[in-house]
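Colleague: Listed here are the chains, written in short residue letters.
Number of protein chains: 2
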Amino acid sequence: NVRYGKRGMGLEEMINEANSYYLVNHLAVIHKKPTPITVVHVDYPDRSMAKITEAYYVQPSTTDYNGVVNGRYIDFDAKETKNKTNMPLKNFHQHQITHLKNVLENGGIGFFILAFTNLAEYYLFPAALLIDIWDKSQLGGEKSVPYNLVSKQGIQINSKMIPSLDYLPALKSFFKI
Amino acid sequence: NVRYGKRGMGLEEMINEANSYYLVNHLAVIHKKPTPITVVHVDYPDRSMAKITEAYYVQPSTTDYNGVVNGRYIDFDAKETKNKTNMPLKNFHQHQITHLKNVLENGGIGFFILAFTNLAEYYLFPAALLIDIWDKSQLGGEKSVPYNLVSKQGIQINSKMIPSLDYLPALKSFFKI
Ligand SMILES: [Mg+2]
Ligand SMILES: [Mg+2]
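Sequences listed follow chains A and B, in order.
Using the working numbering, read the first sequence as starting at 6 and increasing by one per residue.
Using the working numbering, read the second sequence as starting at 6 and increasing by one per residue.
Wrong hints could be hidden among the right ones.
For identical chains, the list gives no copy identity; a pair is met inside one copy or between any two copies.
What the hints assert, rightly or not - Once the Cα atoms are required to be at most 25 angstroms apart in a straight line, the calculated BS3-like pairs of lysine-lysine come out as: (1) Lys141 with Lys84; (2) Lys106 with Lys38; (3) Lys38 with Lys84; (4) Lys165 with Lys89; (5) Lys148 with Lys95.
These aren't lab readings, by the way, just hints derived from the structure by calculation.
Bear in mind that the values here come from a model prediction, so they are computed numbers and not experimental data.
Work the whole structure out from these sequences, hints included.
Modeller: The structure is reproduced here in structure tokens:
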């Protein structure tokens, strides 16, 4: 009886659903960034069609999501684990941490959405705390974020029907926007 | 003696250069979004390599650039023309206009960088004005933005050595951030 996300949706799908809901209902403009790809060769089988026949994934330089809520810049990434007791840091990448440091330094709002899929629990967790844990891990500290810390320092995202992962109330209350 | 951009750089290159400069100097975090591509087939010639062999461009749903300046969300696109007397509206797309309307409605800052390459003149032009002109054109109005209007209502971006298209001062003074 393992559940993978709500209503069988994956985490990214749930976030996309929420973002569409916020856009249509004039609550926020938040988009997932496209995956960066370097195109090497394109064929034109006919005049109106471009078919990419050689391309490669390139390392992103940011997180996956950003946008605007009440004029404020928000920026986040989403991570999931099947673990019930911690979120492993191997799910995170240095470029995401560096980007979120830059965002915070310029007055933006940064966070992670952390999903414990086997508990069906979702948390908003501030980037500042995650950066701190990451930096300590680089110096030999813990290689994961304990579930207990997430549930204490994060803010749980409540289940709803529509959208199923309604993270905007948690975001607005945590960051007071 | 036609000049294409400053120091022979294209418009996008100049904006990327400025964004890198702002990032390194802790002035702003602004990135170009990757071009959205749907990947259909990937080959793995060896374990460490993914080669995309079939993919297609998809219609973007946003503008090309967004980021944070002093905590405020900013969003823009860049357009260039060789014309000396107007910027044709055919350079703009409905999805960009719609996205910028959504951004403004949610308190974000939206604008265009308009380049008259044969005049070597660059302007920051507020999205609100462009949206107004676009909406009127859809009802049979002008199909271009007159240079005179851009130079009067926009704010000219001054030439500098580094970065060559230093649009941040224009942005901060126009939107008072
Ligand atoms: Mg991610
Ligand atoms: Mg463009």
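Colleague: Run every hint past the structure and note whether it holds.
Modeller: Now for the hints, and whether the structure bears them out:
no. : hint              : verdict
1   : Lys141 with Lys84 : within (19 angstroms within a copy, 45 angstroms between copies)
2   : Lys106 with Lys38 : both (19 angstroms within a copy, 19 angstroms between copies)
3   : Lys38 with Lys84  : both (16 angstroms within a copy, 21 angstroms between copies)
4   : Lys165 with Lys89 : within (22 angstroms within a copy, 55 angstroms between copies)
5   : Lys148 with Lys95 : within (8 angstroms within a copy, 52 angstroms between copies)
In this structure, every one of the numbered hints holds.
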